[in-house]
Amino acid sequence: VTRGAIGRRLGLAIVMVSTAGCGGGALRSESSAEAASVRGSVVRIGFVAPLSGPFASAGEDMRRGFRLYLDRHEGRLGGRQVNVIEVDEGAGPETGVPAIRRLLTRDRVVATVGIVNSAVALGAHQSFVDARVPLIIATAGANDLTGAKGSEYIWRTSFANADFNHAFGRWLATQPPIPGGVFLLAAEYVAGHEQLTAFKKAFTAGGGKIAGEQYSPFGTTQDFQPYLTQVRASGAGAVYVFYAGQDAIGFVRQYKDFGLAGRIPLYGPGFLTEGPTLVAQGAAADGIMTILNYASELDTPVNRDFVASYEMAYDAEPTAFSVQAHDAAAVLDAALGEIDGSVSGSGLVAALPKVGEIDSPRGPWRFTPRRNPDQHVYLRQVRREGDTFVNAVIEDLGPVRPEATP
Amino acid sequence: MIGWLSDNLVSILNGVALGCLLFALAVGLSLVFGILDVLNLAHGSLFLAGAYAAWKLADDGSATGFLFAVVLAAVIGGAGGLALTAATRPLAGRGHLDQALLTLGLALVVTELVQMWFGHDPHGVLAPVGGSLDIGGGYPTYRLVLIGVGVVVALLVDRAVEHTRVGALVRATVCDSDMVAALGVNTRLVRSGAFAVGGALAGVAGVLGAPLLGANPHLDAQVLLLALVVIVIGGLGSVRGALLGALLIGQVQSLGIALAPRQAPFLLFGTMALVLVVRPAGLLGTRTVSS
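Chains A and B, in that order, are what the protein sequence lines are. Last residue of the first sequence: number 866 in my numbering, and the count goes up by one each step with no gaps. Last residue of the second sequence: number 294 in my numbering, and the count goes up by one each step with no gaps.
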């Protein structure tokens with residue numbers, strides 16, 4: 461074999477490796493629930509979140525939030541014992557969708573909670589409709605899930621991507637004009653485009669100027685120098701970015717390394733500086749302003765109580781992911797409480813519209829007619845507090861009415 | 004021309020810095036493939052070990068901690084290389100697919116272990132040399148240091164392989180292992196040694212790269228991909244090929260993206276495909292081996 465042939469074969473191997481990295485088996489674990497009560501009213505609930513792969517950190521937070529709600533309610537929802545069946549969403553649809561199919565067919569759950577990756581939610585949403593089992597999305601933000609592809613079987617306790625970006629754009633346009641305009645930057649995937657588009661629409665409608673817009677390849681960008689150089693060359697007076705997890709850590713650290721931090725203000729959706737991401741960024745994140753539907757620093761009795769129990773149980777701060785999954789449990793609690801007798805998927809779907817206000821750590825909210833949360837969003841800024849950095853709440857930007865955002 | 008150069012100076016400089024890092028990462032993979040004919044998909048795991056060593060010992064930017072991390076990573080990488088020699092020996096002569104399956108499996112095991120020990124969260128590492136220089140509005144000093152270190156490593160490796168007796172043995176083993184063995188040389192030792200050195204370099208590269216890439220359980224797959232592209236472009240088993248490939252990919256990933264941001268997702272593999280079409284053996288890979 462010539463080296464040339466080996467080279468070509470290696471090229472194939474590279475493609476193989478690049479897909480194998482997305483592996484992550486569908487681990488399952490069945491929680492220990494007490495044996496079925498005499499009336500046999502144990503309710504089977506599916507829980508889908510990434511327990512492996514690049515989103516595992518968010519998945520772990522969701523799991524903790526959901527668990528905490530159950531633990532604080534003696535493992536009961538709506539007065540019934542529940543049996544939570546957890547499956548691993550993995551990195552994307554290739555692991556997430558089959559895991560969900562198993563929940564629906566073999567485990568015969570009456571409701572499912574979770575999902576981080578919008579591609580998984582979009583890939584599985586028809587299965588929920590067909591199986592007549594409600595899905596309560598606790599993170600995935602694709603606008604279509606509660607828009608064009610909305611269904612009475614698909615509910616969401618998190619957000620649609622457009623929601624808070626729209627609010628931030630509107631708010632920033634009311635501030636003193638930004639010389640040179642705002643440079644937009646995000647990872648190249650659906651969420652990146654939806655988030656930036658919503659910001660841009662609201663910001664330009666309010667008279668704001670855009671200095672440039674760019675998308676970095678998702679999952680293969682480790683070095684942001686080419687983008688940072690362009691930001692500088694554009695003469696932008698501010699930067700608005702959508703990055704999460706490892707991308708967010710790399711970007712924020714390099715933003716400081718290349719001398720942009722402190723000179724050009726950095727804005728973005730709150731995932732940029734949420735939870736363990738902020739811990740890893742440390743001082744590099746100081747001063748960044750973000751928007752999100754939650755901040756662990758929110759000073760309300762409900763949140764103080766929630767944060768205290770969460771820290772007690774897991775020795776970590778809760779994140780927006782924790783709260784969204786926690787609230788999904790609260791929604792199920794209220795919906796199951798509306799049902800007399802045996803529980804079915806269609807029974808739950810009939811009960812879900814009757815769920816009233818959820819008294820959440822993020823502040824009270826209720827579902828809109830399109831089954832999205834009608835919630836407040838908060839402007840936050842990273843500030844030093846002792847040895848650590850926190851997302852201090854600067855301003856409550858009020859309720860986002862998703863149906864009003866185009 | 005001068006205007007274009009000064010506009011893109013930061014991108015070009017950064018391409019060289021990335022190239023230096025990629026060389027330290029890829030040269031071991033290339034040598035192991037050339038000498039042992041082993042396709043080692045666990046190479047990224049040794050880089051991963053280096054990155055976590057840097058995070059554990061030097062995440063606050065301490066220079067002493069960083070040096071300790073370099074030494075520790077070299078030891079872990081070297082030991083890992085020896086272990087991989089032993090693990091792949093029974094597969095000798097069974098083709099590259101079996102080796103790929105074994106080493107990819109080992110890489111997945113390492114990723115799982117890292118998650119068990121250190122958790123899922125990604126981490127950042129402060130550079131031991133902070134601050135930035137006034138080049139094109141600000142360029143991190145550490146990346147210039149990286150260029151210096153990369154040049155030293157490249158010179159040392161090149162000198163060792165091309166101009167020493169041990170290097171001559173290594174090159175001879177690449178060309179015709181059986182003939183070298185017939186001359187009374189212990190080729191097992193040469194093979195283990197090359198694997199250990201390649202592993203140690205990958206571990207050190209993990210430490211050096213930590214201030215840029217941080218540490219997370221999936222870093223191994225990301226860097227392995229880059230290393231494979233580098234050695235395919237440069238030519239398998241060639242030290243200078245690995246250097247050329249690394250510098251080229253460094254430029255593609257910085258200057259290339261700066262000039263053609265919309266094509267960014269295609270640049271890396273587009274470059275590889277182009278090189279494979281024009282020179283199927285890689286830029287400097289002219290020799291042939293028997294299989």
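A hint or two may mislead.
[Unchecked claim] Which stretches of chain B does chain A cover? Using the computed rule of at least three CB atoms under 8 angstroms from a CB of chain A, they are:
1) 25–35
2) 166–179
3) 261–267
[Unchecked claim] If you anchor each label on the Cβ, the simulated ranges turn out as follows:
4) A163/B / A768/A: 44 to 50 angstroms
5) G64/B / A768/A: 51 to 57 angstroms
6) V280/B / P829/A: 54 to 60 angstroms
7) P859/A / D137/B: 32 to 38 angstroms
8) A163/B / G695/A: 24 to 30 angstroms
9) V148/B / R723/A: 20 to 26 angstroms
10) E855/A / R265/B: 32 to 38 angstroms
11) W120/B / E757/A: 26 to 32 angstroms
12) A95/B / A768/A: 56 to 62 angstroms
13) D800/A / R265/B: 57 to 63 angstroms
14) T144/B / R843/A: 48 to 54 angstroms
15) L104/B / R723/A: 19 to 25 angstroms
16) R723/A / L159/B: 26 to 32 angstroms
17) G273/B / A768/A: 34 to 40 angstroms
[Stated by the list, open to error] If you want the ones that stay clear, here's a sample from chain B, every Cβ over 10 angstroms from chain A, calculated:
18) L70
19) R92
20) L94
21) D101
22) S135
23) I150
24) A163
25) G187
26) V188
27) R191
28) L258
Because the hints were derived from the structure by calculation, they are not lab data. It should be emphasised that the depicted structure is a prediction, and the values quoted were computed from it without experimental measurement. Think of the CB as a built atom: it goes at the ideal place given N, C-alpha and C, for glycine as much as any other residue.
We went through each hint and held it up to the structure:
no., hint, verdict
1, 25–35, "violated (count 0)"
2, 166–179, "violated (count 0)"
3, 261–267, "holds (count 3)"
4, A163/B / A768/A: 44 to 50 angstroms, "violated, 60 angstroms"
5, G64/B / A768/A: 51 to 57 angstroms, "violated, 34 angstroms"
6, V280/B / P829/A: 54 to 60 angstroms, "holds, 56 angstroms"
7, P859/A / D137/B: 32 to 38 angstroms, "violated, 47 angstroms"
8, A163/B / G695/A: 24 to 30 angstroms, "violated, 48 angstroms"
9, V148/B / R723/A: 20 to 26 angstroms, "holds, 23 angstroms"
10, E855/A / R265/B: 32 to 38 angstroms, "holds, 36 angstroms"
11, W120/B / E757/A: 26 to 32 angstroms, "holds, 31 angstroms"
12, A95/B / A768/A: 56 to 62 angstroms, "holds, 60 angstroms"
13, D800/A / R265/B: 57 to 63 angstroms, "holds, 58 angstroms"
14, T144/B / R843/A: 48 to 54 angstroms, "violated, 27 angstroms"
15, L104/B / R723/A: 19 to 25 angstroms, "violated, 50 angstroms"
16, R723/A / L159/B: 26 to 32 angstroms, "violated, 39 angstroms"
17, G273/B / A768/A: 34 to 40 angstroms, "violated, 53 angstroms"
18, L70, "holds, 21 angstroms"
19, R92, "holds, 20 angstroms"
20, L94, "holds, 15 angstroms"
21, D101, "holds, 13 angstroms"
22, S135, "violated, 5 angstroms"
23, I150, "holds, 14 angstroms"
24, A163, "holds, 22 angstroms"
25, G187, "holds, 28 angstroms"
26, V188, "holds, 23 angstroms"
27, R191, "holds, 23 angstroms"
28, L258, "violated, 8 angstroms"
Consistency with the previously given hints fails for numbers 1, 2, 4, 5, 7, 8, 14, 15, 16, 17, 22, 28, ordered from lowest to highest.
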